Amino acid sequence: QSRTPSDVPLKPSAAEPASANVESPPQNSLAFGAEHEVPSPHALLAQWYKRYPKAFFKGHTRPLKTGIHLDLCEVEPWPEKLVRRALACYVHLPRYLKSVREGANRVDLAGEDSEVVTAEEAKHAKRQLEALQKKQKARETQQRSEKLDRKIGALLAKHGQRPQE
143 QSRTPSDVPL
153 KPSAAEPASA
163 NVESPPQNSL
173 AFGAEHEVPS
183 PHALLAQWYK
193 RYPKAFFKGH
203 TRPLKTGIHL
213 DLCEVEPWPE
223 KLVRRALACY
233 VHLPRYLKSV
243 REGANRVDLA
253 GEDSEVVTAE
263 EAKHAKRQLE
273 ALQKKQKARE
283 TQQRSEKLDR
293 KIGALLAKHG
303 QRPQE
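FYI, the numbering used here numbers position 75 of the sequence shown as 217, with every residue one higher than the one before it.
Hint data in this document are derived by calculation from the structure and do not stem from the laboratory. You may find that some hints are simply not true.
PhoX-like, lysine-lysine: derived pairs with alpha carbons at most 25 Å apart [stated by the list, open to error]: (1) K300 - K279; (2) K265 - K279; (3) K196 - K240; (4) K240 - K276; (5) K207 - K196.
Now the in silico label distances, taken between C-beta atoms and shown as ranges [unchecked claim]: (6) V258 - L298: 28 to 38 Å; (7) G302 - Q275: 34 to 44 Å; (8) R304 - Y191: 49 to 59 Å; (9) E254 - K223: 23 to 33 Å; (10) L297 - K223: 43 to 53 Å; (11) R304 - Q270: 37 to 47 Å; (12) G245 - K289: 42 to 52 Å; (13) G302 - R226: 54 to 64 Å.
No experiment lies behind these values; they were computed from the predicted model shown. Backbone N, C-alpha and C fix where the C-beta goes; we use that ideal spot for every residue, glycine too.
The whole structure should be built from the sequences, with the hints applied where relevant.
Structure, rendered in structure tokens:
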């Protein structure tokens, strides 16, 4: 009997040993080339979009359960550091940060509501988004400036003049 990630219990019950009800996805479905090759965080996240479609979204995003990295570590064969890095790639996306609004329901790996986003969590996400947008704007301004400098340099060189420093 094959089980999908959405019906794999993540928390052991008191009556069962911890290993009895936690099933890792089959290793061959996690393969990235060589059998023991460890994926990049982005490649692992790409797999999560397929393996946990009710938790990880490419479009409209919902906030994830607090501590979901622990659930992922229980069902994924990868080191915790890799799981955390892949998760960081997701939770720092602008669309994810926008989804963390006060009162929004957080979801677990099965897509079930787990808890509600607090006002403080929403403020933190808003600050992160603002910092990300500020950084992006500075990067774009720098790129435009460098592009303009290259164009001016090319025009001056074309007309036999040297750029002024």
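(request) List in ascending order the numbers of the hints, as given earlier, that are violated by the structure. (result) 1, 6
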